[in-house]
Amino acid sequence: MSAAPDTLDRRQFLQGSGLLLVAAGGATLLRLPEAQAQQAGTIAAAVRDIAPEQLDTWITIDTAGRVTAFFGKMDMGQGVDTAVAQIVADELDVAVDRVSVVMGDTHLTPNQGGASGSSACRQRVSAGAAAGRTITYGELIADGFRTPLQWNRQFGNGLAVRGAAPVKQVADYQVVGKPVARKDIAGKVLATTEYCVHVSLPGMLHARVVRPPVAGSVPAVVDELHRRHRRSAGGAGWRLPGGGGAR
Amino acid sequence: MAQFTLSVDGEARQVEAQPETPLLYVLRGQLGLKGPKFGCGFAQCGACTVIVNGAAARSCMLPVSAVQDQPIRTLDGLVKDGKPHLVQLAFIEEEAAQCGYCTNAWVMNVVALLERNSAPTKDQIRQELAGLKCRCGMHMAILRAVLRAAAQMRKTAGATTTGQA
Chain V
1 MSAAPDTLDR RQFLQGSGLL LVAAGGATLL RLPEAQAQQA GTIAAAVRDI APEQLDTWIT
61 IDTAGRVTAF FGKMDMGQGV DTAVAQIVAD ELDVAVDRVS VVMGDTHLTP NQGGASGSSA
121 CRQRVSAGAA AGRTITYGEL IADGFRTPLQ WNRQFGNGLA VRGAAPVKQV ADYQVVGKPV
181 ARKDIAGKVL ATTEYCVHVS LPGMLHARVV RPPVAGSVPA VVDELHRRHR RSAGGAGWRL
241 PGGGGAR
Chain A
1 MAQFTLSVDG EARQVEAQPE TPLLYVLRGQ LGLKGPKFGC GFAQCGACTV IVNGAAARSC
61 MLPVSAVQDQ PIRTLDGLVK DGKPHLVQLA FIEEEAAQCG YCTNAWVMNV VALLERNSAP
121 TKDQIRQELA GLKCRCGMHM AILRAVLRAA AQMRKTAGAT TTGQA
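Quick note, the sequences are listed as chains V and A, same order. Under the working numbering, the residues of the first sequence are numbered 1 to 247, in order. Under the working numbering, the residues of the second sequence are numbered 1 to 165, in order.
Think of the hints as simulated: they come from the structure by calculation, not from any bench. Here the structure is a predicted model, which is why all the values come from computation and not from measurement. No residue lacks a Cβ here, since even glycine has one placed at the ideal position from N, Cα and C. Certain hints may be false.
[Unchecked claim] Derived Cβ-Cβ restraints for the label pairs, each shown as a range:
1. A:GLN3 with V:GLY203: 34 to 44 Å
2. A:SER118 with V:VAL170: 21 to 31 Å
3. V:ASP97 with A:GLY10: 54 to 64 Å
4. V:ASP97 with A:ALA2: 49 to 59 Å
5. V:TYR195 with A:GLN14: 18 to 28 Å
6. V:ALA51 with A:GLN124: 51 to 61 Å
[Stated by the list, open to error] Restricting the straight-line Cα-Cα distance to at most 27 Å, the calculated cross-link-like pairs of lysine-lysine (DSSO-like) are:
7. A:LYS133 with V:LYS183
8. A:LYS83 with A:LYS155
9. V:LYS168 with V:LYS183
10. A:LYS34 with A:LYS155
11. A:LYS83 with A:LYS34
12. V:LYS183 with A:LYS83
13. V:LYS183 with A:LYS80
14. V:LYS183 with A:LYS34
[As the list claims (entries may be wrong)] With the C-beta cut set under 8 Å, the calculated list includes, among others, these residues of chain A facing chain V:
15. PHE4
16. LYS34
17. GLY35
18. PRO84
19. GLU95
20. GLN98
21. ASP123
22. ILE125
23. CYS136
Modelling step: build the complete structure from the supplied sequences, incorporating the hints.
So this is what it looks like as structure tokens:
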């Protein structure tokens with residue numbers, strides 16, 4: 001209970017029947033029941049307590065040594081999940097294929113704000129450059145992510161982690177900076193990746209932009225398409241778009 | 001509303017829709033397919049592409065009443081018996097996607113192209129795919145994937161012409 005994770009032998013640390021959740025600050029080691037641990041692979045079905053100051057909010061290690069990193073930004077095709085997996089693999093000295101990344105699900109990850117401006121991966125560099133020295137991840141999270149911090153405060157999810165673990169020197173990287181196969185491509189090519197547009201809720205309406213055929217057009221009529229749509233299943237009642245409502 | 005019988009990925013599917021309803025809405029809304037995407041809705045981007053009678057077609061502007069009893073193939077149906085199509089494998093190997101929203105367009109158009117021309121030149125590939133939109137800018141990786149897929153399909157052409165791995 002009071003032992004800091006880094007004082008435990010790794011094998012001893014991973015013993016036990018359940019998923020170990022590592023908590024920062026030598027505070028707690030939590031064990032999930034086996035049934036829950038088995039869901040680690042499909043952990044998206046779960047809801048977790050998210051406390052930014054607790055390490056288990058960010059990283060969990062299961063009994064097979066698989067690492068799950070929880071990351072509160074959303075990838076839009078940049079491959080951030082792969083990049084984060086590389087960083088985690090290097091810092092934990094595990095093979096990158098043991099690391100999976102759960103991101104952008106506010107049931108499971110802290111809300112770290114938007115991912116614009118390369119903010120998902122770039123800020124370590126910019127914060128380090130600004131400080132003129134190597135900075136820790138704890139510092140990075142606490143002080144480097146100024147914009148996300150403000151964003152999080154605005155939405156009531158204050159990130160205020162202050163860690164002390166030193167980051168690796170660049171020369172010691174084994175995974176970062178090396179080509180690693182992206183994890184997200186197959187699902188996109190095989191039509192198994194979920195997109196927002198796949199979400200379907202009872203009674204849900206679809207909206208779409210209807211653009212006029214020429215500049216300067218003004219709407220002439222607004223017809224009953226939306227009502228027709230409501231009666232049909234999954235949008236089957238839409239008319240062909242043809243700009244008929246504009247002149 | 002009217003009843004239509006569609007042949008989708010080799011299966012007869014009964015759907016109920018107004019005749020002018022775009023095929024895309026039926027495929028996604030009623031049949032639950034995830035491959036074809038709604039992009040522009042004006043047949044200008046290609047994200048909704050399916051293969052009808054062997055030719056790439058933009059399903060967002062294609063009335064469901066126009067494709068009855070014509071074989072429709074979708075990205076969802078390219079995987080057969082757990083095996084991805086060689087074009088899909090080539091896209092994965094070349095990592096020819098970023099956000100993946102338009103990937104359906106490229107894969108389906110490439111499948112249609114390679115089925116009628118197993119050895120297209122780079123210029124022919126560019127010409128064939130010129131009307132598709134990818135804002136992530138994956139075009140060069142896609143070009144490599146097409147060349148890779150064509151080579152693989154030619155290699156296996158002696159045994160089969162279906163393109164399955």
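Now for the hints, and whether the structure bears them out:
As the Cβ distance of A:GLN3 to V:GLY203 is approximately 24 Å, the hint placing it in 34 to 44 Å is violated. For A:SER118 paired with V:VAL170, a C-beta distance near 47 Å fails the hint of 21 to 31 Å. Taking the beta carbon of each, V:ASP97 and A:GLY10 are about 35 Å apart, not inside 54 to 64 Å as hinted. At about 52 Å, the CB distance of V:ASP97 to A:ALA2 agrees with the hint of 49 to 59 Å.
Against the hinted window of 18 to 28 Å, the Cβ-Cβ separation of V:TYR195 and A:GLN14 comes to about 27 Å, which satisfies the hint. The given range of 51 to 61 Å is respected by V:ALA51 and A:GLN124, whose C-beta atoms sit roughly 57 Å from each other. A C-alpha spacing of about 23 Å is found between A:LYS133 and V:LYS183, which places the hinted pair at or below 27 Å, so the restraint holds. Of the pairs offered as hints, the one joining A:LYS83 and A:LYS155 holds, with about 17 Å between alpha carbons and a cut-off of 27 Å not exceeded.
With a C-alpha separation of about 24 Å, the suggested pairing of V:LYS168 with V:LYS183 holds against the 27 Å cut-off. Straight-line distance between C-alpha atoms of A:LYS34 and A:LYS155 comes to about 30 Å, which puts the hinted pair past the 27 Å bound. A distance of roughly 18 Å separates the Cα atoms of A:LYS83 and A:LYS34; the hinted pair therefore holds under the 27 Å criterion. Only pairs whose Cα atoms come within 27 Å are accepted, and V:LYS183 paired with A:LYS83 is accepted, the gap being roughly 18 Å.
The suggested pairing of V:LYS183 with A:LYS80 holds, with an alpha-carbon distance near 22 Å, which does not exceed 27 Å. In summary, the hint linking V:LYS183 to A:LYS34 is supported, as the alpha carbons are separated by about 19 Å, within the 27 Å threshold. A hinted interface residue such as A:PHE4 counts as satisfied when its beta carbon comes closer than 8 Å to some beta carbon of chain V; here the least separation is about 10 Å, so the hint is violated. Because the beta carbon of A:LYS34 sits about 5 Å from the nearest beta carbon in chain V, less than 8 Å, this interface hint is met.
The restraint placing A:GLY35 at the interface with chain V holds, with a minimum CB-CB distance near 4 Å, inside the 8 Å limit. Of the supplied interface hints, the one on A:PRO84 holds, with its beta-carbon coming within about 6 Å of a beta-carbon of chain V, less than 8 Å. Given hint, A:GLU95 at the interface with chain V, holds; its Cβ is 5 Å from that chain's nearest Cβ, closer than 8 Å. For A:GLN98, the shortest C-beta to C-beta distance to chain V is roughly 3 Å, which falls under 8 Å, so the interface hint holds.
The beta carbon of A:ASP123 comes no nearer than 25 Å to any beta carbon in chain V, farther than 8 Å, and the hint placing it at the interface is violated. The beta carbon of A:ILE125 comes no nearer than 18 Å to any beta carbon in chain V, farther than 8 Å, and the hint placing it at the interface is violated. Below 8 Å, beta-carbon pairs count as interface contacts, and A:CYS136 has one with chain V at about 5 Å; its hint therefore holds.
When the structure is compared with the earlier hints, violations turn up for hints 1, 2, 3, 10, 15, 21, 22 and for no others.
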